[in-house]
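*Asks:* Under the UniProt record's numbering, read the sequence shown as residues 1 to 547, first letter to last.
Simulated from the structure, these hints should not be mistaken for laboratory data.
Keep in mind that a hint or two might mislead.
What the hints assert, rightly or not - Calculated lysine to aspartate or glutamate pairs in the DMTMM-like style (CA-CA distance at most 20 Å, straight line):
#1 Lys3 / Glu136
#2 Lys185 / Glu265
#3 Lys185 / Asp404
#4 Lys56 / Asp112
#5 Lys449 / Glu307
#6 Lys449 / Asp512
To be verified - Pair ranges (Cβ atoms, derived):
#7 Pro409 / Thr286: 42 to 50 Å
#8 Leu522 / Ala272: 36 to 44 Å
#9 Asn347 / Lys464: 32 to 40 Å
#10 Lys464 / Thr389: 31 to 39 Å
#11 Gln210 / Ala298: 20 to 28 Å
#12 Glu360 / Val431: 27 to 35 Å
Predicted, not measured: the structure shown is a model, and the values here were computed from it.
All C-beta atoms in this analysis are idealised placements derived from N, C-alpha and C, irrespective of residue type, glycine included.
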Amino acid sequence: MTKPETLGGRGLLSWAHRAVASLEQRRSEINALNVFPVPDADTGSNMAHTMSAALKQAEQLIEAEPERIDDAPAIATALAVGSVRGARGNSGVVVSQVLRGVAQAAHTGAVDGRCIEQALGNALVFVHRAISDPVEGTVITVLRAASIAAHQASDRSLYGVVKEATDAAVIALANTPSHLAVLRKAGVVDAGGQGFVVILEALLAEVSGQPHNQSTTVAINTMVDAASIFEAQEDIAYETTQPGQSHGHQGYLEVMYFIETPDLEAHRAGLAKLGDSIQLAAISETSATVHIHTFYAAKVIERAFAEGTVSNLHIEVLPSVETSARTVRRSVVAVTPPGAIATLYRNAGARVVTRASEVEDIVQSLASEAHASGAQEIILLPNGMADKTELASIELASHAFEQDLFILPTVQLVRGLAALAVHDPSQPLGVDTYAMAEAVAAMRTVIIKTADKARLTQAGPCAKGDFLGISGTDTVAVAEDVLNCVIISARRLLESGGEQLTLLVDTELFTDITVAAISAGLPPSRKIEVMIYPAENLGCSVELGVE
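All chains, please: the whole structure from these sequences, using the hints.
*Replies:* Rendered as structure tokens:
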């Protein structure tokens, strides 16, 4: 059959009919995939409901104004408005923003390949704005792949762009379990991503002029029934965007409503402390469908009515997932000497593996600690106590437990503390480790050692037994007593700026080095925060770090 070069209003309406029919037909299949973020087996139902609401709005437009049947911008706008107002669940919000992207791209006339490229790009922007905490391995990943493929399509025809976008989405869908352990454990692909692929396949069928068939279903164990998924839930851990909050407690609800308010972002900010999975699917700068999972439904609703005009209020009880079934999303594992420094790291939130000598099997110890954490993501702070060969073995060992491992270049213990100070488990792994690595790189350090023989250094001559301040390969301080060596070293570090001085001091020297004594030796015009911690088995007398 002849492939159309563009889609007009009738074509968009036909696509919507195909999408609704396919989503309805595959509703149970998609519901059965629904294990993230909440295993409520309703993604297929929500996407079908949202797409049906979009179609209903467009049909009402045609019924009222039959002459608009060929008006692509009008039909696209009606689909977008209907989907936003009728959005149901996380996945419905995404569908609404995809249709909003189409409406914005179609405002100039008929829909061609360039329009589809713009529509998918718009949709990706809108979805990111709508979702407060986007997670990779979900429909977002699938949508991004489709958008990139549409932009890079070698065949710029309507069919060519849609075909390449659909093919890329199918591949991205198949790979969603590589992003989320909960999908791997359940043996499924992302439910929302599968629904989005169904919608794209409907569009491909429309632009190819062929009947829509559902033979293209790339998924991992997608044909399981919902009951088998729920039977497995006790073995699956689910993430929330707010640490310490878990699904399944009495009163945990999904609340959705359409709101018209002067400031949508202020409304979003006000909801941030009331729940998670917050999404605002906007249709304009002042109106949106709001989605939130919350223990405080009454407060959410009260705030909504206080800040705007509310309609389409919908409340649903979320299913129970026992807190004991949850695992930690991310853990920081640090290598330290035994003793006080290990306790300091534990108090800072790290899991600690102590190493008293190089003959200990650090690979076995670290792999065991990482596995025992139950975390999906591990940030390792080697602190200069594991060599490259050992780190390579640790990296390979993490693969056996399907954990994502990120090794930070902490070559000293004091740098590891700087990394821990900015650790934020609520951020995506890449963002969290970037901030931690930045803190590590920003810290300037000196280690204080005793000279094993007399020699001439960059800082002057030293006698055997003198204290040396060493930064990298440079000697920056020489002194007969440890306190003076620390003060000279600190002053050198502070020449390049800094507001905080952290010292790890061998316990045998701890009484010789006090905050008052250090502060007295620093420039009086500078306000420097000094923190001193005792440590055994440092391998040196003192570690200093300035940040």
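*Asks:* Any hints from earlier that this structure breaks? Give me their numbers in increasing order, please.
*Replies:* 1, 2, 4, 5, 11
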